[in-house]
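S.K.: Each chain, written out:
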Amino acid sequence: MSQAPPDPPKAPPCAPQARQTGEDPGIEHAFSLAGASLVALGSGALWWPEHRLLCVSDLHLGKSVRLAKLGGSALPPYDSRETLSRLSDDIDRTGAAMVICLGDSFDDLESAAGLPDPELRRISRLQAGRRWIWIEGNHDPGPVSLGGMHLGELTVGPLTFRHIADPAASAEVSGHFHPKVHLRMRGHSLSRPAFLLDDRRLVLPAYGSFTGGLRSTDRSLTELMRPGALALLTGPTVLAVPMPR
Amino acid sequence: MTGLPPSIEQWFSSRDWALHPHQRAMLDAADHPATLLIAPTGGGKTMAGFLPTLADLTTAPHPGLHTLYISPLKALAADIKRNLRTPVEEIGLDIRIEDRTGDTPASRKKRQRADPPHILLTTPESLALLISYEDAPRMFAGLKRVIVDEIHALAESKRGDQLMLALSRLQTLCPDLRRVGLSATVQDPKAIAALLARHPDPCEILIADPGPVPDIAMLQTREPPPWAGGGAAYAIPAVLDRIRTHKTTLIFHNTRAQAEIFFHNLWLANSEGLPIGIHHGSLDRQQRQRVEAAMVRGELRAIVCTGSLDLGIDWGDVDLVIQIGAPKNVKRLVQRIGRANHRYNAPSKALLVPANRFEVVECVAALEAATAGDLDGEPRGQGPQDVLCQHILIAACAAPFRADDLFAEVTTAGAYADLTRAEFDRCLDFTATGGYALRAYDRWQRLRQGPDGRWHLRDPRSAQRIRMNIGTIQDTDTLKVRLKRNRVGKPLGEVEEAFAATLTPGDTFLIGGQIVRYDGLRDMTVEVTRDAGRTPRIATFSGTKFATSTQLSARILELFAQPHWPQLPEHTRDWLALQKRMSRLPERDRLLIESFPHDGREHVCVYGFAGRNAQQTLGLLLTKRMEDLGLHPLGFVATDYATLIWGLDPVLDASALLDARSLRDGLKGWLDGNAVMKRTFRASATIAGLIERNTPSARKSGRQATFSSDILYDTLQKYDPDHLMLDITRTEALRGLVDFHRIEEMLQRVGPRLDLLRLPRITPLAAPLLLEVGKVPVKGTAEERLLAEETRRLMELSGLQEVNRVASPA
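As you go down the protein sequences, you meet chains E and W in turn.
Throughout the first sequence, residue numbering follows our numbering, covering 7 to 251 in sequence.
Throughout the second sequence, residue numbering follows our numbering, covering 26 to 835 in sequence.
Next comes chain W alone, as it looks inside the complex (with noise of 0.2 Å):
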């Protein structure tokens, strides 16, 4: 199938076009069982992965459906739809082409499954959801080509590797099945390879043209950043002049309060009224589309947004990315810029902004990081067993399967290559009873096997609420916004449930740019009225906060080693030369602690420069284990470059608190009973199906999800520790919110090089941490010491101790 049909090639050359050579290379590699295209945006991946498939409908037709493509993004399947009936219009082709996602009206999606159209546009969920159908097998017959677009990003998460389960799945129905990835840069393309291809079958790597270096640099501003926050509304004048001298800018968050919070001091310092729209995950749909439609005709200057617009969607015209915020991980920086000037050979423009003191250092570390093209990534090991169980959950909707197929089957993914047969039947045990603890439980137990040696559903009518919910998206649960007037009109956006909880009537918050009342809450919807006279609430919703990746942190300490630092603005020399001289900075091998008093209490300041995460955990088994040592710690916060610990006593021994070993013994003890592992098990408890949030009577709210979830996970730790979902959980907090791998990188870094310092007062590093948000309190005996001296206290002002007659303990 080399080659163009005449009437593509025709179309090609009326528009004065040629094709690229990675377009050429993937027309000639159509026939390999798999093929990974590594190319910049705006290099024609999405053509390159379709011209095959566009090629092979115009030569033979083809009934049914041919081409499957798979996109993270709703949005994107929306905007390839539009790019690709475009020219199969104007070429005359006889191709239908539909999209399929969650937004899709049902009644088109039943006619999808009747009658498929010739490519089908969808995401990971909703594929789950289609094989999950009996009628999977009729509806997927003849599919030849399978292109997962911006594969970089699902093979980082759990929604890749339901997809590539489901892939299985669709190779066993339909074995001739070709698979394409499109992918932006990445470090290590042989890992993204090894995911896409059925294995062990090789897949092809083409690797295009990257295209001109992009112009990166940091935002220069006259006012220094603050010391704390992530709000960056210090740099609005600059930006708003960046956006006027642009066509169009993008203005990337990490976060969808902190979007909300710009968006809303940009329109405030608007003067002019440039075109300025805000796009995150949060707002409404029909408030994106229309966002992304005004985008796309060009009539705004400047989109305010997040992670949500991260992937490759067509802005037209975007000539300037800026990034408030340190990027946190280099790869992701890169990807963002080349969102700008979406043309193959003019360069990338971009702009980082940071939002504090200590960002600046982050962002000229990620700068000289993309110059120099050091990408970071971290292998992320075998599939998780949470998906596998969903997975089979989602097979026995379809048919009954017999144990041994299904093994066969899930293996062929490549992220389950390594799976033993032991690890599987105990998934598989899991789908079927609930395991050991809830064995007593008829609503876990979902499977049967027949007589005939096959797994069925126990009760046939549990399928439709195991597709409700199918996915692998956490996101927080939310609730609607909705002006209280206008009951019947469209909602505002979105909050957290948790966020909702804390308002009382008349506070007032920020959603979709607009300054709103809480009124009340009503059938789940949060009903609030405009109120344009007040300072808002912050509006809390807490997007994904990410770690500063190893790389980085890396470069940030071989920054702070030079003797000088002439990239540096002069406000962020000043501070790091007033640390040095008043304690020390941090350095790569060795490990920075300084114990100090403040205000009324002892502190101690750990740089382990392991990331958010890990500086967490830590935080965690340090204040355990100085509640061992009797230092009486209350409580910690920690960012992605320290921990800062307060309590009652002062850390004076800094060996004694951070051996390795003990904190490995802690770890395993510590585990079991902390939050962060509750969290990671609602996760996991949810995908594995443990633990539903949709059912057909009603939504549950977070509240009672998280209740229920908090009561199942304290159950199965008393009575059945060695339960699968809290192996799953264990595993998974490792690596992902504990993060304790970070740690043991880090001990094992510095060795015994630890350097505690006894300080006087707070330093200039570690004070811009008294700032931050979300300290954890520790509960243990400084409480109760607390306790005994506020009651104490207490008592003796009120005179009440003279009054109540109370004898000494019994």
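Same shape as in the complex, but just chain E (with noise of 0.2 Å):
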């Protein structure tokens, strides 16, 4: 960073970070990829302004129905509400002509079809007087009963969009992992989730409520991203380190 970033806004001791509705947007970072201007969203969202695109990965809707079937326990589908509630905030505030999500939108088909109708309602509304596209990841492989476009993988200008990153692609916009960042900081350790950027791929954060993270030292990722790859931290302010390998 060429300069000391701005004092953080005041967020509440104790909460999620940017993982609520109506939170402060939070500080973006903006950065280059193939020669594509992009910035990284606090709330785990990807935005190219020069497409007017929005890409979101791994939104994970119904696993609360999901895993009431392996649990036994049923449990309000609120986590969805809850990315859909998120996802509407940063589509209001870019703007966005486009929306990508990348893969594993749905826990699996199952749940794409047993979503409830308030959550299937606002999915349309959303998609109303945009272009929706929804790639195809290992949860959800085959075409779901909802408006949008369904793809494999997209070019759009130098980037391709797909779920899991091809090792020998480059230019590449991926998610799958549901990378997060961990650090100790003067005997302080926090973790986040975060977006992971080499000079050929972006792996995106998992943008649902209620989903795991894979650590940025796991194997998977550290033979993926190549030497000198930063990790973009999302919170209240997306803050770049190297990724801890």
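No wet-lab data here; the hints were simulated from the structure.
Accuracy of the hints is not assured; some may be wrong.
What the hints assert, rightly or not - Residues on chain W that point at chain E, a partial pick, calculated with CB under 7 Å:
(1) LEU546
(2) THR550
(3) LEU659
(4) LEU812
(5) GLU815
(6) LEU819
(7) SER823
Predicted, not measured: the structure shown is a model, and the values here were computed from it.
All residues carry an ideal CB built from backbone N, CA and C; glycine is no exception.
Hints in hand, dock the two standalone chains.
M.R.: Structure (structure tokens):
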């Protein structure tokens, strides 16, 4: 960073960072990948002003419905509502003309079908008046019965959007891993979902509420990302650090 | 029914025994609706409870169940069965005595319902299950007496509340039921009597001769105890000496983890190979039973144990009780000491072993209180509503009911005597619909009102699920530990799921006194291999952590106020004197706050002496205040006597920080988003049936349960903040884990007398706090500031700053 970051905004103690509706959108982080000027938002979404394109990954809508089936206890699908609220805020704030959901948008095909009506209506409202692309993920491989276009991958300008990174590719934006970063500072440690960025690719953090994460030190990530990779921490302010390995 | 039948008289005289006066008095009171007997351990208390039953059954044969005996411990029920059978067989009485607990085989349980014994020994949970069956009226028909053993212990927990609600049900089934309570010495017998009796029946209180004054002392060792921690490893040689010179020694610990570690160290030092056993709630049942049996046969010289042995099991010839770690509560100490020398007329002998330097002071204060007979006790207030919700579900399992009838019935339980109809209806509505935010979900709509006005289960099949989740004990979820090569063999014991989650293959830990290596998790079982060679990682099953009682805390402060401390060992005297020189000692009517830099961070230490839970809450509230005041707190740790907070900026003004009103306001806002609340919610929601731990398909793992209860909590908080479960959680938390009343009490006591000392370095009294475990991080602006500093540093360090073109913030 060429200058000291401004004072971060006040946040209540013990509040989850930028995971809730209506919270401060955070101070963004601009960078470039393969010539494209991109912005990482504190919410975990990627914004490409030139194409008015908003990209989010791993929404895992309907996760609670699926867990209910496994664990025997039905939880209300409020996690989906939460995720969609945040997405709606990001769309309003950026005025996106195109939204790419980068795979694993649904926990599985069944939960896509089982999403309650209010959530389905909400998705339709968000889709109105803009291009909407569902990229297939490993949790939701087939087309789902919702509006929008369903694609295996998509190329816009120099960038290719796909769910799981292809190690041989470059100029690529992907998701899948739910990367997060763990840091220790003066005896204090914390963990944040993060974008991972090197000169060939960007890996997005999971956007869905109640999704777990994979530490950047995991082999699948250290092998994927090239030396000199950065981690962009989500939160009230997006902060860049060398990716911990 | 006064007087004993000749056959029982003869048996007594053949053994040269005479009835104790209180046993005689119990016979005289046999027809009273409720009687509470307060007697020391070894005073023939249980026999006193059963004599009227034996007399009755001898003179008038009785078909079916005559007496129900309820104890808080399964082991106690088994023990009583043994002890009662001897006289019954020797007198030649035709009386069937059986126990029924979670460990009883299903076939016997089934038979017991069809053909109940004369005397059934059971636990509150098993009784709650019994009254949930449709055939409960038949099974309990003719029941005449119920004996509640160790009622002083039950009276302090939700298990007692559940039991008393179950008794209200039994009393409806058997209107002539007589209630008997057996209790150890307590500060307020009237309060227990009010719980025992059917409201508003009177309850007679019989107090037996308390016996000789116990002989208690603090163990003096050459080596001083360490500054922090709870292991008391320093005392091992001295404890071994005592074991050698006594017949049988019980060594009590406050937590299971401490018991494990101590046992391990004791074994390493036990060069003579004295037979020593270990007994705690995480151990496998068979293993516990083996230890119990060996103890009864007199084969063990010592048992390292926890509260699972606290209650009146007849341990035969125990002649010494050692308490490792400060007892936290004088009443429990006195009751534990009662375990030693189980003969009525011999004084009990006990030793206290402080685990760290501060506990030396606490042990001395506890000794003084025990000698003065100054027992502690806090009033418990109205019966909790989560237990009531479960009781309503249990009632619905047994049979459809009318709301009026059930309300009338539950308000005969002392703890629920003041329950309003509105409160009851709210609980009923919750069990019926799940409450506003959850009304759309079938699973929480359990009851339906029929056209006849009676409430019944909406789906009769749900009875099975409800029965599987009966109970109020909220142990942390545990996983069985098993030897890898012995998949079908018996488990070694259990560890907490949270602990298991931290293990990686190759890690070693202690269980049942042996070191094992973690190999992996398989079908929800921790697989291990024996590994004698390594230093173990500690098994951190948390066990119960008690807060030091108000009375004991006050005594510690009184002790501090003395000009000299002749009753303290020299090392502790020197420590306190040094504190006095470098700073000050905390005083009863003032609040000492120390502020000092240490290790690159600012620290503030608040000596509230309000007990662990309240000091923890104070930590959360103060860090929030500091956040508001821009002092960038980073984290805190709390003990029974103080809270230590660290952060980026120094605290220089105490009154802004400790303003009672802002703390109270802070409490309101803070409570909702807090982890303690979530934990409390999880417990209450499980009791009230909102969360099911057990389902017919599979047992839910702890992490899944935590996960779903946290989501539920957030959901209700957001969409239905007045939901019954949230009200219950707040009430619970305020008197339990949050313990705000002790903060209020402390602030009232000290008034405006706040002493903020700004000091150049850490003080003798504050230093041990840094060594405490259980540090709580604060996620606030300090974290953002640190993060910004750290990211800048890392970027500069790596030179990546230059490589990546980074635009300034938008």
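S.K.: Now tell me if each hint is right for this structure.
M.R.: Structure-based check of all given hints:
1. About 17 Å separates the beta-carbon of LEU546 (chain W) from the nearest beta-carbon of chain E, more than 7 Å, and the hint is not met.
2. With a least beta-carbon distance of about 19 Å to chain E, the hint placing THR550 (chain W) at the interface is violated under the 7 Å criterion.
3. About 5 Å separates the beta-carbon of LEU659 (chain W) from the nearest beta-carbon of chain E, less than 7 Å, and the hint is met.
4. Interface hint status for LEU812 (chain W): upheld, as the beta-carbon distance to the closest one in chain E is roughly 6 Å, under 7 Å.
5. Annotation: interface hint on GLU815 (chain W) holds; nearest CB of chain E at approximately 4 Å, less than 7 Å.
6. Using the Cβ-Cβ criterion of 7 Å, the hint placing LEU819 (chain W) at the interface with chain E is satisfied: the shortest such distance is roughly 5 Å.
7. The interface hint given for SER823 (chain W) holds, since its Cβ lies 4 Å from the closest Cβ of chain E, which is under the 7 Å cut-off.
This entry does not satisfy hints 1, 2, going by the numbered hints stated previously.
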